[in-house]
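Colleague: Dock chain C against the given chain A, drawing on the hints supplied.
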Amino acid sequence: MIRFEEVTKRFPGGQEALSGLSLTIDKGEMVFVTGHSGAGKSTLLRLIALIERPTSGQVIVDGQNTHRVKRRKIPAYRRQIGMVFQDHKLLYDRPVFDNVALPLVIAGMGFREAGRRVRPALEQVGLLHKEKRNPATLSAGEQQRVGIARAIVSRPKLLIADEPTGNLDPDLSLEVMRIFRRFNEVGVTVLIASHDIVLIDKLGCRRIELDGGRMAAAPVEDPELSE
Amino acid sequence: MMNWLLRHASTSASSLGRLFRQPFASLMIVLVIAVTLAIPASLNLVVKTAQSVSSGWDSALDFSLYLRRNIAEADAANLRDLIAQRADVASVQLITASAALAEFKAQSGFGAALDQLSENPLPHTLVVRPSATSTSQSIILLQEELANLPEADAVQADTEWVQRFHAILDILRRAIVIGGSLLGVAIVVIIGNTIRLDIQNRREEIEVTKLIGASNAFVRRPFLWSGIWYGLFGGLLAVGLVYYGLYLLAPSVSRLAGLYQSGVAVTGLVAGEALLVVGIGMALGLIGSWFAAARHMRRIEPR
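So the protein lines, in turn, are chains A and C. Numbering-wise (the working numbering), the first sequence opens with residue 1 and increments by one. Numbering-wise (the working numbering), the second sequence opens with residue 228 and increments by one.
To be clear, the hints were calculated from the coordinates, so they are not data collected in a lab. You may find that some hints are simply not true.
Examples of chain A residues lying across from chain C (beta carbon under 8 Å, computed) [to be verified]: (1) F11; (2) R79; (3) M83; (4) K89; (5) L91; (6) P103; (7) G108; (8) G115.
These numbers come from a predicted model, not from an experiment. The C-beta atom is built at its ideal place from N, Cα and C for all residues, glycine as well.
Isolated chain A, as found in the complex:
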């Protein structure tokens, strides 16, 4: 589903976020990307979402070489990917329902059809009863679930999440991760950047550890874990 070939990302300052990274994530896999902050987790996800372009190397997503996706085609490309963010990135001037419907509206779907898709998505994250609320009135965990509903409402094959539990306490984090797990079980490829190793180990998924923009030689033991 995702293939990185010798991908380097250098920022204008000269600092390298990724250095010749190669990796493969198969269809239907659920993979965590871990590493200290600055290890290149976010950059990896941003390259997949085409928020950044690699300095060199190839990023291939679902058979598409992102290098060949023209600027004008980026919106259509992004619509194939579900994205979840640490800070939710919800729109607080409209209710939960409209937030979740947004990707469908952007894709040009009619209102009735969109409505038929939004409710199941909200139901899957357990928020159907809060569709009329403003997201600002919801708890952080609920807001993140709205973000997930928005990411999966257009039924993408790939779901990427950048620190989706970064602002949540352990119980809520586990709940959010279980939601991801459920989508993975129905065939969605899931890629999550996270530093919460305790949680990841509970889920028992493959882990890609980054260190200084490269694959870590051997999984580094988390100091918190050994304590």
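Modeller: Leaving out everything else, chain C in the frame of chain A:
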């Protein structure tokens, strides 16, 4: 197609809702646009009114027929009666040479100098008033015919000042077009600036929607609609302002008309012109918001 229309309908409705959520700020902008549109529209009405008034002067325009110096007063009187019988002539007035001289003496202040003249240098004059139905063309024809009479020396049409008046109106009309275009540019700038601020205020929203796959066109749409709404309300208010101005002017105009004993009436905006003002407002609103959106939307990319 149906979906496309529905999408535009919902985008335009939500843009309208946004305008109403900030009623004071929106009203200010609409007011500025209205005043800017109302100025050229009302000046245009003034010119149109002046034109309709002066076209009334054209059709009933006296001219003077100077007779040869050797024509006797009795012959002049006969000629007067003859011309007065014509269908295209309403009336003819004879000003005899002596009457003209007396009047000239009284009014010019050259009385003493004129007394030195041994004979009257002035000819008899017939002042011809064409019939009310004549057109400017038929008046010229009449003038030529009378000028060809053996008794006639020259025809003096007092139309020059009317022509000057028309020339002034023409300049005014052009000035309104030029000034109006400049004001149109001002409206584009005002709306463009408003939309620019709006875009900056909603930067985060634009970033998020782009992040989940919105195209530039999608993100631009609500801003274009805001521009169109500003233009529409500005145009409607401008039409209202023009009519209110006419209402305020009406008593003075009817007093003037009474003094001239003429049917001077201020020409109002006809429906087509009112629509044109509103249409121009909407078009300028769209252009202004388009410029702002094209310039600022591209630069907002998710970080």
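Colleague: Please go over all the hints and tell whether each is borne out by the structure.
Modeller: Okay, the hints, checked on the actual structure:
1. Proximity of F11 of chain A to chain C is violated relative to the hint, the smallest CB-CB distance being about 12 Å (cut-off 8 Å).
2. Hint status for R79 of chain A relative to chain C: holds, with the closest Cβ pair at about 4 Å, below 8 Å.
3. Nearest Cβ of chain C to the Cβ of M83 of chain A: about 7 Å, under the 8 Å cut. The hint holds.
4. Given the 8 Å rule on beta carbons, the hint for K89 of chain A holds: about 5 Å separates it from the nearest Cβ of chain C.
5. Evaluation of the L91 of chain A hint against chain C yields a held restraint, the C-beta minimum of about 6 Å falling below 8 Å.
6. About 5 Å separates the beta-carbon of P103 of chain A from the nearest beta-carbon of chain C, less than 8 Å, and the hint is met.
7. Given the 8 Å rule on beta carbons, the hint for G108 of chain A holds: about 6 Å separates it from the nearest Cβ of chain C.
8. Nearest Cβ of chain C to the Cβ of G115 of chain A: about 13 Å, over the 8 Å cut. The hint is violated.
Violated hints for the displayed structure, listed by number in ascending order: 1 and 8.
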